[in-house]
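Under my numbering, think of the first position of the sequence shown as 1, with each following residue one higher.
Hints were generated in silico from the structure; no laboratory data involved.
Predicted, not measured: the structure shown is a model, and the values here were computed from it.
One thing to keep in mind: the hints can contain errors.
[Claimed, not checked] Result set (PhoX-like, lysine-lysine): computed pairs, CA atoms no more than 25 Å apart in a straight line:
1) K452 / K322
2) K322 / K412
3) K442 / K322
4) K452 / K439
5) K452 / K409
6) K55 / K156
[Unchecked claim] If you anchor each label on the Cβ, the simulated ranges turn out as follows:
7) D121 / D195: 26 to 36 Å
8) R122 / D29: 20 to 30 Å
9) N418 / E136: 38 to 48 Å
10) E216 / D309: 43 to 53 Å
11) P306 / L437: 15 to 25 Å
We put the beta carbon where it would ideally sit given N, CA and C, even for glycine.
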Amino acid sequence: MSGDQAPSIVWLRDDLRLADNPALTAAVDRGAPVVIVYLLDEVSNGVRPLGAALKWWLHGSLTSLGADIDALGGRLVLRRGGAETEIPKLVEETGAGAVYWNRRYGRARDIDAALKSSLRDRGLTVESFRANLLFEPWTVTTQDGNPFRVFTPFWKACLEQGVAREPLDAPSALSSAPATSDDLESWALLPTAPDWAGGLREHCAPGESNAHDRLERFADDVLEDYHRRDEPGIETTSGLSPHLRFGEISPLQIWHRLRGSLSREAQANGAKFLSEVGWREFNWNILYNFPELHERNYRSAFDAFPWADTPQWAIDAWRQGKTGVPLVDAGMRELWQTGTMHNRVRMVTASFLIKNLLVDWRVGEQWFWDTLVDADEASNPGNWQWVAGSGADAAPYFRVFNPVLQAQKFDKQGSYINRWVPELETGEYPPEPIVDLAKSRKDALAAYDTMKATAPAPE
1 MSGDQAPSIV WLRDDLRLAD NPALTAAVDR GAPVVIVYLL DEVSNGVRPL
51 GAALKWWLHG SLTSLGADID ALGGRLVLRR GGAETEIPKL VEETGAGAVY
101 WNRRYGRARD IDAALKSSLR DRGLTVESFR ANLLFEPWTV TTQDGNPFRV
151 FTPFWKACLE QGVAREPLDA PSALSSAPAT SDDLESWALL PTAPDWAGGL
201 REHCAPGESN AHDRLERFAD DVLEDYHRRD EPGIETTSGL SPHLRFGEIS
251 PLQIWHRLRG SLSREAQANG AKFLSEVGWR EFNWNILYNF PELHERNYRS
301 AFDAFPWADT PQWAIDAWRQ GKTGVPLVDA GMRELWQTGT MHNRVRMVTA
351 SFLIKNLLVD WRVGEQWFWD TLVDADEASN PGNWQWVAGS GADAAPYFRV
401 FNPVLQAQKF DKQGSYINRW VPELETGEYP PEPIVDLAKS RKDALAAYDT
451 MKATAPAPE
């Protein structure tokens with residue numbers, strides 16, 4: 001097969017979409033048949049295996065994407081294993097002359113760099129693209145070339161750059177090349193014994209078309225109330241986070257939709273929402289420069305923090321929403337039932353585990369990694385470290401969210417708590433929480449003072 005006719009491989013990762021997919025566009029523009037492949041890689045060094053809820057969403061996303069590709073005349077190829085072995089195998093099998101992918105920014109980028117070099121040495125065209133961030137980490141630095149450690153100047157620097165291009169259209173047709181593929185069901189991504197995903201099926205809708213439906217509903221019907229986003233009892237948030245996590249929609253598509261045809265009243269809310277997209281960008285910037293984000297304290301002073309020997313039953317009570325603290329329990333039950341949790345409540349539940357129970361933030365981060373459908377390798381640990389005080393631009397440690405006051409302020413009518421903790425109305429709810437909130441706050445601050453005395457944190 002001539003070089004011009006040799007197929008192009010598009011290696012998908014967290015970019016499960018057809019529109020605004022630069023790697024796919026480049027492959028189609030090359031003019032040869034296209035092999036679109038998704039690898040389930042749970043073995044390569046630097047790749048964090050997906051949690052259970054993420055696997056559930058991935059199954060739905062791949063099912064949706066496969067149908068979309070079929071409709072254009074193509075085929076989604078599924079392979080399982082490490083990229084360093086599976087991509088070269090696919091090159092040999094298909095006689096490919098080019099490989100394209102969209103860049104990733106965590107520890108796995110070392111895999112990509114090595115693979116790009118080895119394939120180019122074999123004479124292949126290999127290109128990677130910016131697709132899943134508005135601003136790549138090395139393009140946003142302080143004046144002295146260092147990464148930002150504080151969000152506000154980071155986002156200001158991003159906005160000063162501006163967003164350059166318009167989103168790319170999806171291909172109108174695909175011409176595929178033969179390649180062997182796994183059957184999706186053989187990956188066993190869905191829970192069976194027991195099947196705990198009933199709530200996810202009720203509340204979640206993976207797939208690119210559903211992502212855009214969600215964006216339109218947010219822009220048209222919800223955004224005008226986004227200034228009330230801290231109230232968990234009403235729909236004021238976008239619901240886009242799992243779609244962004246799997247790349248079913250790009251931040252560029254969101255950016256242009258919300259910078260476009262908004263009413264004047266919605267523009268301020270749109271700017272605030274886009275700053276939340278900016279917070280996502282900030283976390284990816286941090287991860288790029290600190291790849292151990294889910295394993296190590298970003299602020300090394302916290303290595304000396306005296307975490308308590310909290311009994312497992314107390315951690316289990318937190319996980320199961322049985323702490324006796326209504327807002328905390330409501331959030332943890334929402335998480336288990338829906339795979340998501342309102343952002344304000346995420347902060348409250350995390351603060352309770354870290355500061356009222358004195359449990360290492362990594363325990364909570366891992367639980368969210370396993371139960372959230374939107375957990376990504378940057379925002380999940382970045383947000384946990386923010387609450388813990390150990391991260392970049394972190395909340396000061398003495399900021400301990402009082403879940404009772406938070407409920408009084410943001411769930412005044414009790415609609416959120418009553419939905420997820422109905423036994424409050426029947427008198428079956430525990431009369432006392434598993435920990436005294438006031439005393440445990442004092443204990444947390446004392447532990448922080450001990451840490452500072454052991455390893456003074458830099459100003």
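Results of checking the hints against the structure:
1. K452 / K322: 33 Å, violated
2. K322 / K412: Distance of about 21 Å is within 25 Å: holds.
3. K442 / K322: Holds, at roughly 23 Å.
4. K452 / K439: Within the cut-off at roughly 20 Å; holds.
5. K452 / K409: 32 Å, violated
6. K55 / K156: 35 Å, violated
7. D121 / D195: 26 to 36 Å: Violated: the Cβ-Cβ distance is about 47 Å, outside 26 to 36 Å.
8. R122 / D29: 20 to 30 Å: 22 Å, holds
9. N418 / E136: 38 to 48 Å: 45 Å, holds
10. E216 / D309: 43 to 53 Å: 50 Å, holds
11. P306 / L437: 15 to 25 Å: The hinted range 15 to 25 Å holds for P306 and L437, with Cβ atoms some 20 Å apart.
Comparing the model with each earlier hint shows violations of hints 1, 5, 6 and 7; every other hint is respected.
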